[in-house]
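In order, the protein sequences belong to chains S and Y.
Quick note: the first sequence uses this note's numbering, first residue 72, plus one each step.
Quick note: the second sequence uses this note's numbering, first residue 23, plus one each step.
Keep in mind that the hints were calculated from the coordinates and are not lab data.
Among the hints, a few may not be true.
Between beta-carbon pairs, the in silico distance windows are [claimed, not checked]: (1) S:P270 / Y:D178: 37 to 43 Å; (2) Y:R247 / S:V222: 33 to 39 Å; (3) S:E291 / Y:A59: 20 to 26 Å; (4) S:V222 / Y:R56: 30 to 36 Å; (5) S:E296 / Y:A218: 47 to 53 Å; (6) Y:P95 / S:E324: 37 to 43 Å.
Derived coverage of chain Y by chain S (criterion: at least 3 residues anywhere in the stretch with Cβ under 8 Å from a Cβ of chain S; other residues may be distant) [stated by the list, open to error]: (7) 45-54; (8) 165-172.
Ideal Cβ positions, reconstructed from N, Cα and C, are used throughout, including at glycine.
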Amino acid sequence: MNLAPAAGPLVDVHAHFLHKRCGRSDWADRNASRLAAGARIGITVHLASILGSFGHSSPTYFPSPEDVSAGNEAMRAIVRTHPGLVGGYVTVNPNYTDHALAEIERGLAEGMVGVKLAASRRASDALLDPVAALAAERGVPVLQHVWQRRVREVPNQEISDALDLGELAARHGGAHFILAHIGGGGDWAHSLRALASVPNVWVDLSGSGVDRGMLELCLECVGAERLLWGTDLTMDTGWAKLRALETMGLDDEALEGIRWKTAARLFRLSL
Amino acid sequence: MEDRRAALPAELVDHNALVGPYPFRRLPDPTPERLVADLERLGIARAWVGHVPSIYYRDVAAGNDELLRWLAPHRSRLLPVPAVNPAYAGWEREIERARAEGCPAVRTYPAHYGFDAAGAEMKALAARCADLDLQLVLTVRIEDGRQRHRLDVAGDLLGADVRAAVRAHRGLRLVVTNADRGFVEEVHFGSTPGEAARLHWDISWLWGPPDDQLAALYRTVGRDRFVFGTHFPFRLPEAALTKLALAG
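Isolated chain S (complex conformation) (with noise of 0.2 Å):
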């Protein structure tokens, strides 16, 4: 297997950063690492999300507005010391209607590209429309954290599914929606099956999730112009995966559509 670094831009859609308020000693080493590994690999452009203090301070799917606040302030900093090379989501919690437009707002303003929506609230959730509303009118994508098939309760995150997506973007059909980390655990059948006819839900294919059959069928319920690369926390994975695509037969079009165009498009990206 060809394990150069790939050729041309990529674009990882799915990425996170520590920062110093993450109650982790090594907060600064795996940035690093994803920064090492990303030029390994041949990343181009990060898109990434700073979840609150991921747990330390408040829970990572359900953060306080304070914690929300200093993970975006954190990631555009972030973005302002890589310019070109990371670009930044405002991630929110949507129980907090005012405070989440209001970052949204100063996210943009400072260049921030997508909106990040975790686990605070069912995606189907009325709560959810004036962020995706706002994302809309500014014409930014929104990446919704989901668990691949509802089909219960887990402790510490409201968990949505494909479904619940895919209601969200029926009333907000002039908003992008990406269905996040489609290997990050769960019926992952079941999602794409969902979203076949839901033409404004995008597919990331990040997560640890490396199943024999699964890039076949997003390809054949989403197509590969609905299909966006990434990485969240394996970043071995979605290389994996970014190789695996490149045995299947498609064509260049297709492959660069997914390895990078599609995102440009998407958060009008300058490539």
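Starting from the known structure of chain S, fit chain Y onto it as the hints suggest.
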């Protein structure tokens, strides 16, 4: 562009491959022919190969028949690793057959077969493996717990199960597949150096950057404790190669 293949070990042996269909979701082309093609495509020399249906059969002898028959045309690259259920009649014959066939190891699945990894059956199996110089492969999990079918109710192995197995006979050598970082650390540091030296871990469930789990374990547990493994046909075999490349 620099080709970094030279950074990988000269001869890779996949210690965690299987063939055959899975009852809970479709596995694309889970055949020996596809496995050989993937080994060739990815530069992997050989594979230890188990049989997926034997995880669920009561009488694994029938599954071993099938495995040996399937692999017969490919024995230069695919080494059979039959299943042994020490709680079922005739298990001694299966392990003797594995030895006679030149297999490097046998697989057992305590949670699926319903025996206690700390009990008499494991002790007997461990002793027989040691006597016959067969390694024993234990599998912590088949699939990620977040995606299991509702009828797929066999639990993951516990660290205590593996510690009990390695203590069952001082001549037993174990290969443990699909263990995560915490599991590896728990068992490694919960074992004597002599016990830990008889344990190998496959890399299928250990992640790379930015957490760098595999690289961290190389430093703390020792690089020589890890063996290459893909978990074909469940997982993309590319993932084992990318994590090796990123672990340095």
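Here's how the hints hold up against the structure:
no.: 1; hint: S:P270 / Y:D178: 37 to 43 Å; in the structure: 39 Å, holds
no.: 2; hint: Y:R247 / S:V222: 33 to 39 Å; in the structure: 37 Å, holds
no.: 3; hint: S:E291 / Y:A59: 20 to 26 Å; in the structure: 22 Å, holds
no.: 4; hint: S:V222 / Y:R56: 30 to 36 Å; in the structure: 31 Å, holds
no.: 5; hint: S:E296 / Y:A218: 47 to 53 Å; in the structure: 50 Å, holds
no.: 6; hint: Y:P95 / S:E324: 37 to 43 Å; in the structure: 40 Å, holds
no.: 7; hint: 45-54; in the structure: holds (count 4)
no.: 8; hint: 165-172; in the structure: holds (count 3)
In the structure shown, no violation is registered for any of the earlier numbered hints.
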